[in-house]
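**Q** The lines below spell out each chain.
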Amino acid sequence: MSDAILDTGRNGIMARISDTLWRNPRLTVLLLLAPPALWLGVVYLGSLFALLAQSFFSIDEFSGLIIYEFTLKTYAELFTPANFDIIVRTVMMASAVTIAAAIVSFPIAYYAARYARGKWKAIFYLGVMLPLWSSYLVKVYSWKLILAKEGILNWLFETLHLSWLLDAYLSIPIIGGNSLSVSWTGTFLVFLYVWLPFMILPIQAALERVPRSMLEASGDLGATPGQSFRFVLLPLALPGVIAGSIFTFSLTLGDYIIPQIVGSSRRFIGQAVYAYQGTAGNIPLAAAFAVVPIVIMGVYLWAAKRKGAFDAL
Amino acid sequence: MTSAVVFKGVSRHFGSVRAVDNVDISIAEGEFFAMLGPSGSGKTTCLRLIAGFEQPTAGEISIFGQSAQGVPPYKRHVNTVFQDYALFPHLNVLDNVAYGLMISGVSKRDRHQAAEEALELVALTGYGARKPSELSGGQRQRVALARALVNKPKVLLLDEPLGALDLKLREQMQEELKALQRKLGITFVFVTHDQGEALSMADRVAVFNEGKIVQVGKPEDIYYRPEVPFVADFVGSSNVIPPHVTEKVTGTRATASVRPEAVKLGDSGLPATVRATSFLGTSTRVSLELEGVQMVALLAKGQNIPEVGEHTHVSWGEDDIHLMETADE
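Going line by line, the protein sequences match chains A and B. The opening residue of the first sequence carries number 1 in our numbering; numbering runs sequentially from there. The opening residue of the second sequence carries number 1001 in our numbering; numbering runs sequentially from there.
Simulated from the structure, these hints should not be mistaken for laboratory data. The reader is advised that the hints may include incorrect statements.
Said to hold, decoys possible - Calculated cross-link-like contacts (lysine-lysine; reagent style DSSO-like; alpha-carbon spacing at most 27 Å):
1. K1154/B x K1108/B
2. K1301/B x K1168/B
3. K1218/B x K1008/B
4. K1152/B x K305/A
5. K1154/B x K1218/B
6. K307/A x K1108/B
7. K1131/B x K305/A
8. K1131/B x K1168/B
9. K1218/B x K1248/B
10. K1178/B x K1168/B
11. K1178/B x K1152/B
12. K307/A x K1131/B
To be verified - Footprint (simulated), chain A over chain B, 3 or more residues, beta carbon under 8 Å:
13. 1068 to 1076
14. 1088 to 1095
15. 1208 to 1216
We put the CB at the ideal spot given by N, CA and C, even for glycine.
With the rest of the complex left out, here is chain A (with noise of 0.2 Å):
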């Protein structure tokens, strides 16, 4: 053994590699971040932009063959009064869970910042995660048998003498239906049930960075609590809001079985996406409904930062 300060022996392939690696930051940071952006980019991005350029052609009505030139006209065909409903249905509904998944989700995140310690704030994880361990299939037919006419929400009404109240609310149009398994009342519920922990968890982390003497200090300055929501803690907790609004927007713009499964025939985004790309064999059209999303989520994003929602980050 020798006893040099600099320990220059230990020259083992693996040591070798460490050593490279130190010497080069650069060449360590190029190959971390390779994959990954090879992943989002070529393959990700790539098909991304395939889609785009599927979305520029159009199909041939008596041969139902797909014309490789530029046009507009498929965008055009958007916008046609029974495609055009389809994009207002969706908005509507993928609006309505998420201010819905945001209201629901707040107190349930501000709990957990705030006082939940030690064994609760696992408890409140496992409740939060556990519904995502199981299938979505499963959790979206559960869904039908509670909300079906014999189900236990049905039962629930009967037995408190309150059928009467369902049955006025299911004869509301558009919103009712013959049960509230085939209504988008129904719709609504699955899709707020199953997106509900990506809105809670970002809304959860943001509010966990808010420490608590900002709220003191806003009561202390006159603020009620009311006024302290409203100035202090929701603007903190926006860019949380956001984060957890993207995923229930976008993941309910571009579902296309919880409104197969649970809810009336008229159709959704994803479900018009999944007809023309399959059955119909209409590409163009599909790839142009695929678009839809992005673009309003790009809107609601650009209008979100003008707003100044990211201005706490």
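Once you have looked at the hints, place chain B on chain A.
**A** Same frame as chain A, now just chain B:
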């Protein structure tokens, strides 16, 4: 003289922990009052009780003669400078300072003008458009001060406001705070664990230990005439002399305190051994052992510095030893 804040038998318990235990205080209007004590001694909880963030478990708090029982923080004309400043990160400096006025419905023009004036008061003119994250620690501290002062509170509470600043800035802020308090005439209640800060700034100091106030008085009284060993030890680390040693010198059997700078070394007095010396710049600190008791002497420049291990004698002037009442004797 009006009392700004009065505590009558106030306690605040957290489960079995008695954070504040049967405390009586009377803080006069326009006074600079310091609450001094080690961490966990209950001083910050007392401040939070005045602000309204905590409610007392027992006892009564009144602010300018009015009972504060059940009054929430936002209904108290008392403002706080927080230890971590608690500036709102999403608002710029001007809007941070104007926050209190915005809440009370003052128009944008008026509140921005008042905020500008408050920033001028703390020497931060022209910083209004910046975000708190763009300021240094000292500047944030000033913004927090301006934000608390803009509401023209009757009592200003300061929770270790200088704790995060470096020494030079802290000394400068101490002087500025004192000057500001004189200028505005507002009652300042200042919490600190730094005895130097409390002694140099406050009109009166309350020393806290384990949830109780152990002594209240002027800085000189606290420093030269500690009433209990804890105060002697905590405030400027006086030597605490046990009764059997005091008896030999004064004839009275009682615990006493002697300031380190009053301890003289020489040929007369009680025999002692030098254990360590350290050079502090303006003086040298000498640790001594005297009949099994640890003592510290501060020798001014020019005095003879003994070697470690040397045997010497310790004495002090008759006026320099202060007898304390000792409950545990």
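**Q** Which hint numbers does the structure go against, in order from smallest to largest?
**A** 4, 9 and 15
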